[in-house]
Amino acid sequence: MAGIDAVITDLHALEGLALEDSPLQRLDPRAKLLTTLLYIVCVVSFGRYELSALAPFAIFPVAMIAGGSLSLLPLLRRIVLLLPFPLMVGIFNPLIDREIMVQLGPLAISGGWISLASIFLRSLLTLGAALVLVSVTGFPAICAALERFRVPRVFVVQLLFLHRYLYVLAEEGGRMARAREFRSFGNRGMGIRPTTALLGTLLFRTWDRAGRIHHAMLCRGFRGEFPVRRTFRFGLRELLFTAGWSVLFLMLRMGNLSRIVGGLIMEVVR
Amino acid sequence: MHMADALLSPAVGAGMWAVSAGAIAWCSRKVRDGQDERQVPLMGVMGAFVFAAQMINFAIPGTGSSGHIGGGLLLALLLGPHAAFLVIASVLVVQALFFADGGLLALGCNMFNMGIIPAFLAYPLIYRPLAGRQPTRARLSIAATATAVVAAQLGALGVVLQTTASGISELPFAAFAGVMLPIHLPIGVAEGVFTAAVVSFISKANPGFTATINPAPASSIRHSRLVPVVLVSALIIAGLCSRYASALPDGLDWSIRHIAGAAEPAAPGSGPHAFFAKLQEKIAPMPDYSAAGASSSVAGIVGAIATMLAVVLCGAILRRPWGKR
Chain A
1 MAGIDAVITD LHALEGLALE DSPLQRLDPR AKLLTTLLYI VCVVSFGRYE LSALAPFAIF
61 PVAMIAGGSL SLLPLLRRIV LLLPFPLMVG IFNPLIDREI MVQLGPLAIS GGWISLASIF
121 LRSLLTLGAA LVLVSVTGFP AICAALERFR VPRVFVVQLL FLHRYLYVLA EEGGRMARAR
181 EFRSFGNRGM GIRPTTALLG TLLFRTWDRA GRIHHAMLCR GFRGEFPVRR TFRFGLRELL
241 FTAGWSVLFL MLRMGNLSRI VGGLIMEVVR
Chain B
1001 MHMADALLSP AVGAGMWAVS AGAIAWCSRK VRDGQDERQV PLMGVMGAFV FAAQMINFAI
1061 PGTGSSGHIG GGLLLALLLG PHAAFLVIAS VLVVQALFFA DGGLLALGCN MFNMGIIPAF
1121 LAYPLIYRPL AGRQPTRARL SIAATATAVV AAQLGALGVV LQTTASGISE LPFAAFAGVM
1181 LPIHLPIGVA EGVFTAAVVS FISKANPGFT ATINPAPASS IRHSRLVPVV LVSALIIAGL
1241 CSRYASALPD GLDWSIRHIA GAAEPAAPGS GPHAFFAKLQ EKIAPMPDYS AAGASSSVAG
1301 IVGAIATMLA VVLCGAILRR PWGKR
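Protein sequences appear in the order of chains A and B. With our numbering, the residue at position 74 of the first sequence is 74, and numbering never jumps. For our numbering, count along the second sequence from 1 and bump the result up by 1000.
No wet-lab data here; the hints were simulated from the structure. Accuracy of the hints is not assured; some may be wrong.
[What the hints assert, rightly or not] Computed from the model, here is a short list of chain B residues facing chain A with C-beta under 7 Å:
hint, residue
1, LEU1007
2, VAL1031
3, GLY1034
4, VAL1045
5, PHE1098
6, GLY1103
7, LEU1104
8, PHE1173
[Unchecked claim] Where chain B lies over chain A, by a calculated footprint (3+ residues, C-beta under 8 Å):
hint, segment
9, 84–90
10, 114–125
11, 130–139
12, 143–156
13, 234–246
It should be emphasised that the depicted structure is a prediction, and the values quoted were computed from it without experimental measurement. Ideal Cβ placement from N, Cα and C applies to all residues, glycine included.
Work the whole structure out from these sequences, hints included.
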């Protein structure tokens, strides 16, 4: 059960970051959301054998991590946990595509290995960008941005509710699971039947909780929206942020910076 | 079964996003218009319940491993398809942002595979007819298992189709489907059996409960109208996607050709990739670069390492002032 606690701790850490007060955190969430989306589209729009042109794209997550004073380890841990699926699908590339694409002295690299490395790099960049986005913005602010982008109110409220009760119920589920584990021996008590009873009980409690929450909210005059403390403004700084990054992404997308730099280095070496 | 950004092309990702966004808008309107406002907190808390439920593992009999419930089918049974889809979609958004499960571009695919398919295809077409109005326990189990199996198979098929249409992975369609579908068979069975067990536990422990929830019978007729709409829109989008993707190494064709041995990495001819490629040709200082050109590849590798190092260095320098506070 240590896994659950670790997950919850990681999430808390991730969320806590958004409460920091740096220029990056203060930026309007819409700017960060738009920029991140453009970034991801640019990264995935490369052909399957592209590797070198992807490398400079690391600048965005790195700059955001540096600018938002995020700690690297929890982010990396989350990313590493998620790499297996894309890698499992990509691992067949070297087996299927054996055509030699690069010859480095005695070392011949087939197209399959290159496309596998490309998948790996893509995963790092896109997963990193998503985690960085939520770390420097915070979930409620992202929801507010979504609402400005005309995402239906019902769905935004649903997201906010889910986020608000995520920890409460995750901790409750974790407690129940741990309590059962203490009382079970080997696989006794871990079968489907006791688990069903456990889940059913959790469901009843959840349902009752929803009822109580609703009453409490009505008492406080809930009319289908959550008030937000920060006021959002898409000002000059947001414009500069979005436009600056977008121009950089497009430039990196169209020209291969790695190859230019590599060419220069080779020239100098020669 | 989360689809991942790294395996996705922008055209496929955007197409699936369009379908899923449409479904969100439509379901939001349905939920807003149709129900008592008590459902608002209920949906939110049920989303959190799914997370909590996934923490409670059960031992799978006969094996050493353990599994947990996915929750999509349970939500559809308890909340009805519209609310269930919104809850699943919101869970996926949280997973994409906090757990980086899949990623932001793949979110549309994931909503389709794990939300639209179970809520709007499997639930109305399989569960409803099989279970009937007042299902007995056995009937409930059969219906839930069949529904969960179909939903898991279609969802897995969705992952396979989206991956091959994107053409980033080289896995041929048949081989990938041959792995994904069998893997998801026991997953579907377990989900169905478990969901049925939970529902029958609920109705035994609190007989009035299941009667008060899921106020669907009156609206069940409408589901039949909805299915063709979803199917047609999916087909249209898929058609649009494939027009974009067909000139790209359209996964299926490409891998067949490739396996047959007539292999030369297909050059993309249209769509966003080609657009960027053309731009790149115009602007790039070394336009005559070809995949086989060894020296340019070496330059690429050297350059990639150098820029990576530079990026890391930039990060380290930039970090100081903020890190100190």
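Problem - Enumerated hints in conflict with the structure, sorted upward - result: 3, 8 and 13
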